[in-house]
Amino acid sequence: MNAAVGHSAVVLGLVGSLVGIGVLGWGLARGKPSLLRAGQSYPWLVLLAAAAAAGAMEHAFVTRDFSLAYVAQNDGLGTPLLFRITGMWSALQGSLLLWTLILAGYLAAVAWHFRRRATDPLVAWATLVGLAVAAFFFGLLLVGAADPFRTVAGAVPTNGPGPNPLLQDNPVVAFHPPMLYLGFVGFTVPFMFAVAALVTGRVGEGWLVETRRWTLFAWGFLTLGLVLGAFWSYEVLGWGGYWSWDPVENAALLPWLTGTAFLHSVMVQERRGMLRVWNLSLVLATFALTIFGTFLTRSGVIESVHSFSTSSVGPVILGFFGAVLLGGVGLIVWRGEQLRSPGSIDSALSREGAFLANNLAFGAFAFVVLLGTVFPLVVEALHHQTVSVGAPYFDTMTAPIVLALLFLMAVAPALPWRKASASVLLHRMRWPAAAGVATVVATSAAGLHDVAAVAAFGLGAVVAVSALRQLALSARQRGFRGLVGRVNGGMVVHLGVAIMAVAFAASAAYGQRGQLSLRPGQSARFDGHSVTYLGTRTRNFSNRRALEAELRLDGGPVLYPAISVFSFGSEGIGTPAIDSGPTQDVYLTLDSSPVGHGPTVIGVVVQPLIVWLWVGGGVMGLGAALAAFPGRRRRPTAPASLPGGAEAVPEPALAAAGPD
Amino acid sequence: MGEESAPANPRVTRFARKGARRWRLGLVWLAMAAALGVAFGYDALAGHHPQSLDQQVAAIANQVRCPSCQDETADHSATETAAAVRATIRQRLLAGQSQGEIEAYLESRYGPGILLRPPAGGLTGLVWLLPVGAAVAAIAGLAVAFRRWRPAPAAPLSDKERALLDRARRG
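Protein chains in written order, with numbering that gives the first Met the number 0: chain A, 0 to 659; chain B, 0 to 170.
The following block holds chain A by itself, in its conformation from the complex (with noise of 0.2 Å):
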């Protein structure tokens, strides 16, 4: 039964997109409002269809519907019901459908929000698009490899091993694959209007005022993804770390990283009326990443501890990405007169100048992780030759253009429109300096001399402080008004990521790691802490079986940490114990099985300021939503900015604030 609903939900999704897109094609064609009217309908047929695809696919997994291929894959009797729910999205097929459920829930949710412009061609020419994409996901899920609801061929099993069990570990599984789905697809909006401005010809700044929450919005869910991610691996995968430049790690973070860029790039096309060929690029980079990330991740042609599958749907979203590339340059070239802005920059030291180079590092980054991920695969294919590019390459690489990042959300905040003087300059970045310069001062005092560490300790305080500067002069003009909007909101996001960078850079260079063998009753001291090691126990859960190691450390808490064995595995799964505080984590680890009386090996790791990673995440999340939060819309004959000798004029706080 499930199958049958599931089935025809989806050719029910696919037809709903190929008919819609033909009745708005025609309407456009025709110039005829009623069809517009009538195409945007459409996206809330998608959209019941993916719901109903998606809920019986849950249906399937709680039920247990063995009947289901992909439920007796990825589920079983003993598996506990939050994992169950987030079973639906525990494989390729299932991932792919809860893409195209949060596809057509944007599509819904841009048709109700221009509800009143359906006659617009820009907006039927964006559902167009919209659809043509949602038609294409409903497509792959019909192709065999990546059909969700394919029945098992023979006797229907009576139980299923349950999702990997790296997924059945830690409530974050349900929260982390829809968040950063909510921002992989989001970044779709954006897309679909730039296409709709380039065909339409309206390619001035509407279609990026017309987008600017709905990206703010799919950003927002992408970074709080990516931070969850890194706690996923942190809690789970028990090597102590966050982040290892994991092929799968890259293909999301490549979209945070052209997206961010489009987000700062477009204030100068909105301000200045320049960039704009630049940010239609991004915005078509941004969308062509989440599909080729898609690609890498889910065609099992790299092979990494985030890759639980392995299809043959890899050429289909090929396909697509090429497309998608093709066409949108295509498009670019073909309006490419109508693109050019007479703008200029007037000089280097000013906030546009300021974003370029932001621009510039941000696809310099974007680069280095594309290259790097792509690079084996390239080398692979043509030359029959393995090599890695590994932690060490990216490391050494985004390091400078790291630093370079924070230097520029340190300065750029401070500088005004159109040209700015050394005087002013310094005259506003005096506080902020003087943080950072305490700060490294500081830091050497107390015996801290990676200078590397140091430098980003002192960047990040510069970051904040001028961060915190910006939004004290807003909120003394505006009270409570003076946070939010997307100006005061983008501060509240730089916070977020000085805290993150200080965290990044002490777990970097002050993290200890080690293994102790231990007896029963013996202790160790490592890095300052004492762990005792009192015996072992074992727990039966539904799904597993864990042996847990009994460890007081600095003869106050007993840590757990264990190794599972799951009823269909054979491999024990490791699961860490941590203790967290605010200055750092002790991190343990069973690294061996004991046996008998004999010594066990425990690995512990000792992380500062890993706390502040989560906080400085939930910092970055909290800023989007206040960036997206309507803020006062700027007099138009607000003094903008005034470029040179402005010691002596109140420093407008809404300066920068654009029309939201």
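Keep in mind the hints are simulated off the structure, nothing from the lab. Everything hinted at is true.
To list a few chain B residues with every Cβ distance to chain A over 10 Å, as calculated:
1) Ala94
2) Ala103
3) Pro155
4) Lys159
Covered stretches of chain B, as calculated for chain A (at least 3 residues, CB under 8 Å):
5) 29-36
6) 49-62
7) 70-84
8) 114-126
9) 136-145
Selected chain A positions facing chain B (Cβ under 8 Å, derived; list incomplete):
10) Asp245
11) Thr385
12) Ser387
13) Val388
14) Ser443
Since the model is a prediction, treat every value here as computed from it, not as a measurement. Just so it is clear, CB atoms sit at the ideal spot from N, CA and C, and this is done for glycine as well.
Knowing the structure of chain A, use the given hints to seat chain B on it.
Coordinates of chain B only, in the frame set by chain A:
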């Protein structure tokens, strides 16, 4: 930054105060730069401890893939193969080998994919050179663009405009 009430000859005092303020600001920045220089200089001098054997092992193991894992370094992984790699590194360090010699040995033993840092020479050199080349090209492009964008010098203000501007600035 509110302006003080206008004294007898506002223009002269304002200039005088502005000059003094500039001086003060310049001194503050000089002092900050000096403090920064001292702190980083001290870091650079004090930060050079000889590494312990454990640290040397970790530093090399961090550049090497765990042979039986997908994406973990030999330093991070708890598997036996990673432990074997760490033991090999330790042995060879004790025998007096350099990092390069140890990496060359591991490469000959496990194949070129064992090194997580692609060698700078040969085909893999591209992965290092391309981003640097692209960044240099982009910076050069931006520099050219700024040169082209340089606006024509603004026409001098007429007396009337200047009076208007003064009034506006005084608020």
